[in-house]
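If you're matching them up, the sequences are chains A and B in order.
Take the position in the first sequence, starting the count at 1, then add 116; the result is the number in this note's numbering.
Take the position in the second sequence, starting the count at 1, then add 174; the result is the number in this note's numbering.
Watch out, some of these pointers could steer you wrong.
[Stated by the list, open to error] Derived list of chain B stretches under chain A, where covered just means 3 residues or more per stretch with a C-beta under 8 angstroms from a C-beta of chain A: (1) 350–361; (2) 388–394; (3) 459–466.
[What the hints assert, rightly or not] A few chain A residues that face chain B, going by a derived Cβ cut-off under 8 angstroms, partial list only: (4) K185; (5) G196; (6) R302; (7) I444; (8) E448; (9) A462; (10) A463; (11) G469; (12) G481; (13) D486; (14) A495; (15) D498; (16) S501; (17) V506.
Derived by calculation from the structure, the hints in this document are not laboratory data.
Built from N, CA and C at the ideal position, the CB exists for glycine as well.
As a plain string of letters, each chain reads:
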Amino acid sequence: MSNESQPTSSSTWSDSSRESATDVVLRARGIGRRYGGVPALSPIDLEIRAGEVLGIVGENGAGKSTLLKILSGVVAPSEGTLEMADAQGALRATQLKSVRDATGAGIALVHQELNLAENLDLAGCIFLGREPARWGVLDLNAMRRDAAMWLARVGLDLDPRTPCSVLPIAQRQLVEIAKALSCQARVLILDEPTSSLSLRETDRLLVILAELRAQGVAVVFVSHHLDEVMRIADRVVVLRDGQSRGTLLRGEFDRAGLERLMVGRDITTNDRRAQHGDAATCLTVSRVVSAHRKRREVSFTVRAGEIVGLAGLVGAGRTEVLEAIAGITTHEGQVHLDGIELRGLAAERVRRGVTLVPEDRARHGCFLEDPVAMNLSLAWIDQRSRLGTVDRSGERTLVQQMVTRMAVRPPQSQRRVHTLSGGNQQKTVLGRWIAVAPRLLLLDEPTRGVDVGARGEIHDHVRRLADAGSAVLFASSELEEVLLLADRIIVMHEGAIMGELAAHEATELAIMHLATGPSHAAADESRDGAVHA
Amino acid sequence: MKKSFGILGIFITVCLVAAIFGENFLTGYNLMNLTQRTALFSILALGAGIVIVTGGIDLSIGSVVCLAGITTPWLLVEHEWSPWLVLPTVLLGSALIGLFHGVLITKLRLQPFLVTLCGLLLYRGIARWMTGDQSQGFQGEFEGVRAIALTKFTIPGLENYRLPSTVIPVTALAVVLALFLSRTVWGRWLLATGRNESAARYSGVPTARLITLAYVACSFLAGFGGMLFIFDIGSAQPSDFGNFYELYAIAAAVLGGCSLRGGEASVFGIIVGAATLQVLRTAIILLGLSSQLEFAVIGSVLLVGVAADELIRRFNAQRLERASHAAIH
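Required output: the full structure, derived from the provided sequences and hints.
Structure representation (structure tokens):
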């Protein structure tokens, strides 16, 4: 229960760049939460200040979501008190009994999953439940005028009558923030706000958060992406196992230091730079036209034992290529595996050893309401069946092996998957395929919504599979992951391949150069010679 | 088995109430009748259950019962076909109806509710038109064929109760289906498809084929059930034979633990569910309640059962969540 109260209480006074204690808007004193006697969050102290971005980092299960739930009134703390600043800046003890209480007190939470009412226009979304009205009739003019103002504040120059449904996800995120601000929020809490944004959209969001900070809003930024946290945060609180492991000030934190605090050990880096020049070609994609709207042809190969990364911005067509190869969607052109053409849809291709770990874990990957065992053995039971009956003792052995091998935590094969953390869910999806030793493993955003520790484990499993001779093709929006995992990188833009980079010559800059389109990439075309414009 | 405890409780309660307050409930004749009706409706309910497992629904069961049931004496008596030809023809025709549903649902991606609602109207209409809306019956003949559903076996030691032969196909069916769901790859795949069709497809499960198979099985069983019904009762009117039977079948499956969201089924539960509904129908008469109340009583019991099930499910989920919080954090 040690509260490492490093700079928290003292820094308020010593930090001369800030205006003393008056800018603390929310203070938590020893708040903690227990479930059935087990602490989900051990008592911690926290100060949230106006005009400051506070980063909160930690693996899944570290206590981040419990902390957010307490701050936003979803659950009550089982111990400790919360204090809110009143109009004069004096802190007073407050109880947040509900989300409505928290909103009333000026605390707004923007969820990871966006929940805008799709059938309404922007003004309607922003003022949902608080519509200005006279005699029960909507005051549409006032509503639209105010909506336009809040939208402008988050840098959106949109007509308030635009329907929400037409906005791309990044803009919806900004609308959510505008909605939060319109509730007179003094504290804006963002839970994983960049998880579905492209790099450029993330940049834009960070700029807007910096502007809000300058306007005096207290921003709490929770993210798996340490780069983003390091770019924007003035202070970072690191949680691990439900305890605060330290509060670091800007200038004190670096990536390695944060990671060490988060996982309690150093993270492995890409030391696998094997040569595959002489390995046999495993996957040949020839003139494939996938479901991508631009209907462009792509051609490339993956060798046995090689890990190839598909990089590109959101919408570049990486998912469509992976789904075409896996047989989820139909395609034109040919795909060959070990020289023999792949035909039919997923059911037939899986039997040839072509497997896909999809991007959307909840919808396409997991059977959330079923136990870990069923999720792990689903593909295996077909391969080891006798006259169509399941080898049940073999299945039990396999499940036990896979739970251990994939290090599913907690290691209970009968636990339903929806009770696991994102990282452990992803490990069960990956385990389903590792159990059948696939010839070709396709992964779409293999570590989305997965914490740092599990991410390293997933990467290790993929590398081990490749070392055993399987071909691996994965798509990731995170350049860092592409650089860390891939032996060779294929960059896509608008449904076409813009170029290829070997791991040792690839840099984030080189990838972005190709990923942002032909005008930038023109100079590289002659060198790569793999462009299908 | 665990999820069948709820329905087993309701079943026992209903039986106790009927036995205590209804004089003739525990007579051999009544129990024999109940067994027969339970067996016949179980066949329909198991079919409905297979479709519900996939997350679908089949509203055409009653009309398929009617079409298959009416066609059997119509071919035998009016057209003088051999029984050896009639039985396979009717069963194959019923299976083809299911194939038709399955193809419309998986290939054209129509909603199961709509496809089978149209089926409900279509097959009833065909049966009435085909027979000129005239009552069809065996006219005292074909005792040999009708024996499939009418034979009663004497059990040593029991004087008034004799076991109806329809118990044999139902038991066989239940065992096969239970083994299919728990022990075979396709059974597992069917459950997986019902839980999350998309995830199943990504896992290489031939989901379209399995869903089609489920509708084929359901209509086949409805046709088989329809045949047994007509063997049992001897003659029937095309305009009302099998009316609402799909609702008895669906209600039995849901009472028996099938979630309409798909992915969950208990063969044992479905049969207990079917039995509960039959006991209820009998109890209403034995207890001297107005028979017009039948649907109201069945509706109320169904509602209470399903609501209790949902509340228990939520309570368990909460307990699970607390436990998992304790384990993860």
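How the hints compare with the structure:
Only residues whose C-beta sits within less than 8 angstroms of a C-beta in chain A count toward coverage, and the region 350–361 of chain B has 4 of them, enough to reach three; the restraint holds. Under the rule that three or more residues need a Cβ within less than 8 angstroms of chain A, the assignment of the region 388–394 of chain B is violated, with 0 such residues. Only when three residues or more bring their CB closer than 8 angstroms to a CB of chain A does the claim for the region 459–466 of chain B stand; here the count is 0, and the claim is violated. Taking 8 angstroms as the C-beta contact cut-off toward chain B, the hint placing A/K185 at the interface is violated, the least distance being around 11 angstroms.
Look at A/G196: its Cβ only gets to about 16 angstroms from chain B, farther than 8 angstroms, so that hint breaks. The criterion of a C-beta within 8 angstroms of any C-beta in chain B is not met by A/R302, whose closest approach is roughly 29 angstroms, and the hint is violated. Contact between A/I444 and chain B, as hinted, is supported at the beta carbon level, the nearest pair being about 6 angstroms apart and thus within 8 angstroms. With 8 angstroms as the threshold, the beta carbon of A/E448 stays out of range of chain B, its nearest partner Cβ sitting at about 21 angstroms, so the hint is violated.
A least Cβ separation of about 5 angstroms between A/A462 and chain B falls short of the 8 angstroms threshold, and the interface hint therefore holds. Because the closest C-beta pair between A/A463 and chain B is about 4 angstroms apart, less than 8 angstroms, the hint holds. A cut of 8 angstroms between beta carbons decides the hint on A/G469: the least distance to chain B is about 10 angstroms, and the hint is violated. About 6 angstroms separates the beta-carbon of A/G481 from the nearest beta-carbon of chain B, less than 8 angstroms, and the hint is met.
At a threshold of 8 angstroms, the smallest CB-CB gap from A/D486 to chain B is about 6 angstroms, leaving the interface hint in force. About 6 angstroms separates the beta-carbon of A/A495 from the nearest beta-carbon of chain B, less than 8 angstroms, and the hint is met. For A/D498, the shortest C-beta to C-beta distance to chain B is roughly 5 angstroms, which falls under 8 angstroms, so the interface hint holds. For A/S501, the suggested interface contact is upheld, since its CB lies about 5 angstroms from the closest CB of chain B, less than 8 angstroms.
A hinted interface residue such as A/V506 counts as satisfied when its beta carbon comes closer than 8 angstroms to some beta carbon of chain B; here the least separation is about 6 angstroms, so the hint holds.
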